[in-house]
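Enquirer: Residue-level listing of the chains:
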Amino acid sequence: MNGLSRQLNVIDYSLSSLWRRRFKSVSVMVVFAAVIFLLASFQMTTKALTQTASRLLVMAPEITIQKMRAGRQEPIPVAYREKLAGIFGIRRITPRVWGYYFNETHAANLTVIGVDPRLMPLGEKLAAAIDTGRLPGDHEVVLGQGAEELLGENRMISLFRPDLSLKPLTVVGRFRPATDLLTYDTLFLPPDDARDLFSLPPELATDLCVTVANPSEVDTIAKKIAALLPGTRVLTRSQIEKTYHAVFGWRSGFASVCLLTALTSFIIFAWDKASGLTPEERREIGILKIVGWQTADVILLRFWEGVIVALLSFVAGYTLAYIHVAFFDAGLFRPIMLGWSVLHPRLRLSPGVEVGDVLLVLCLTVVPYLAATVVPAWRAAIIRADSALN
Amino acid sequence: MRPAVIFISLVGALLLADGLLALHQRARRAENDAEAGVLRVTVSGLGLTDLCLATEARYTRHPAVSDPMAPFMDHPGALEHFPTGSFWARPEAGR
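Chain order of the listed sequences is A and B. Going by the numbering used here, the first residue of the first sequence is number 1, and it counts up by one from there. Going by the numbering used here, the first residue of the second sequence is number 1, and it counts up by one from there.
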């Protein structure tokens, strides 16, 4: 008997053996596939979001300056620009007025952004991001898709100022659905209208965006700004990118703890299933030994049973995970990721599957499973034929 | 048909489905690349710092520009109570 034919015969026997115990085998496979599905889904979701953040936020402001007082951010004087005029390498400093508007009717938070795009890099092309309409002029607003769904497709909207007086705005456009991941909850209007809405005096802004001539000087310029403006927080683009890596870091948050708990539970379950030999299994091994099977053959049989269960569960679990993330926007994780958010932007995730990711999930699931079944397999294999048949 | 052949066929069918999903992934990526230009213009033109994912609290809507201690600063001894806050990682040390 050559090696391949022997292995095929053992696989045949393993499959028949698994089929005889099909309720037990299928229950192990379903639980195993579910654990792999959860781990892989979580890995794909966080990776897709991290990659999206890295790809898009590469165009975030090079430096953002916020004023801090008593540990909280507060409006920053626009006159701070003059204090920074002496720093060589700064191309432009643009004040931004932005904040949140709580829509009490729907209990939703909207993001209000007041910025003059003519003063921002690539601002002259911003019209390309607007689906229907144009950039807002005085007393006009452009809405994100979610904000429009919430406020209705009205030509005019009225928002409450802090003193509860109404500020009317004309809706002149809507952001393209492709920009949902950035603008879904956004109300984009001129800075003076945003100031009026927030009752912010003209000499104040929410933060200052600094454009730098040479990107390699960003860190040096940020240090100079921090030295010149004590009481401010100076954020660089690289720090913003790092935040997203930390936020979506695979090992972070309780989700990974829950998933690892599920994995540990599964390993204990697999160990229990594999080590608890039923009288029928002991009898089967005894008969195999009597008809000439060696200990190594029984271990090989158990090995193939483990591989078959692990392989089928892994491929099925990983495939379902991709479908879950790519076609259903990671629907199982969305309630956790979005919390009490009323607006649910469409993510359109593009889960990248690379060899390293597959190997990581493989190492976290299949290897512990096979390891957990090795000792029970050996214990089963060393049963004496006569004792098994008694 | 022997069981090993059925098993190998089943695994082959699953891998074939994976191959089709890989084609889908390539198509989705091409779509995303085509939209990347307008998304970058949006980020740059509005000076955006964050993705619009969770809108329930300011520190989950704009984690990059929120105060590091924002989840706990509503009042002394305040506990984090928004669901998304517990899912997201703590801010990087030294920021």
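Don't read these hints as lab results, they were simulated from the structure. For clarity, every value in this text was computed on a predicted model and none was experimentally measured. Each residue gets a CB set at the ideal place from its N, CA and C atoms; glycine is no exception. Please note that a few of the clues may not be correct.
[Unchecked claim] Here are the in silico distance ranges between beta carbons for each label pair:
#1 A:V367 <-> B:E35: 32 to 42 Å
#2 B:G19 <-> A:R6: 23 to 33 Å
#3 B:V5 <-> A:W378: 38 to 48 Å
#4 A:E280 <-> B:M1: 45 to 55 Å
#5 B:R29 <-> A:K125: 49 to 59 Å
#6 B:I6 <-> A:V367: 54 to 64 Å
#7 A:I287 <-> B:G19: 38 to 48 Å
#8 A:R282 <-> B:M1: 51 to 61 Å
#9 B:G12 <-> A:G99: 52 to 62 Å
#10 B:G19 <-> A:P162: 50 to 60 Å
#11 B:M1 <-> A:I287: 22 to 32 Å
[As the list claims (entries may be wrong)] Straight line, CA to CA, 20 Å or less: simulated EDC-like cross-link-like pairs of lysine to aspartate or glutamate:
#12 A:K47 <-> B:D67
#13 A:K47 <-> A:D329
#14 A:K125 <-> B:E35
#15 A:K242 <-> B:D67
#16 A:K125 <-> B:D33
[Stated by the list, open to error] Covered stretches of chain A, going by a simulated chain B footprint (3 or more residues, C-beta under 8 Å):
#17 26–40
#18 230–244
#19 317–328
Enquirer: Run every hint past the structure and note whether it holds.
Expert: Here is how each hint holds up against the structure:
{"no.": "1", "hint": "A:V367 <-> B:E35: 32 to 42 Å", "result": "39 Å, holds"}
{"no.": "2", "hint": "B:G19 <-> A:R6: 23 to 33 Å", "result": "31 Å, holds"}
{"no.": "3", "hint": "B:V5 <-> A:W378: 38 to 48 Å", "result": "30 Å, violated"}
{"no.": "4", "hint": "A:E280 <-> B:M1: 45 to 55 Å", "result": "26 Å, violated"}
{"no.": "5", "hint": "B:R29 <-> A:K125: 49 to 59 Å", "result": "23 Å, violated"}
{"no.": "6", "hint": "B:I6 <-> A:V367: 54 to 64 Å", "result": "26 Å, violated"}
{"no.": "7", "hint": "A:I287 <-> B:G19: 38 to 48 Å", "result": "42 Å, holds"}
{"no.": "8", "hint": "A:R282 <-> B:M1: 51 to 61 Å", "result": "31 Å, violated"}
{"no.": "9", "hint": "B:G12 <-> A:G99: 52 to 62 Å", "result": "56 Å, holds"}
{"no.": "10", "hint": "B:G19 <-> A:P162: 50 to 60 Å", "result": "58 Å, holds"}
{"no.": "11", "hint": "B:M1 <-> A:I287: 22 to 32 Å", "result": "26 Å, holds"}
{"no.": "12", "hint": "A:K47 <-> B:D67", "result": "25 Å, violated"}
{"no.": "13", "hint": "A:K47 <-> A:D329", "result": "13 Å, holds"}
{"no.": "14", "hint": "A:K125 <-> B:E35", "result": "14 Å, holds"}
{"no.": "15", "hint": "A:K242 <-> B:D67", "result": "15 Å, holds"}
{"no.": "16", "hint": "A:K125 <-> B:D33", "result": "18 Å, holds"}
{"no.": "17", "hint": "26–40", "result": "violated (count 0)"}
{"no.": "18", "hint": "230–244", "result": "holds (count 6)"}
{"no.": "19", "hint": "317–328", "result": "holds (count 5)"}
In the structure shown, a violation is registered for the earlier hints numbered 3, 4, 5, 6, 8, 12, 17, in ascending order.
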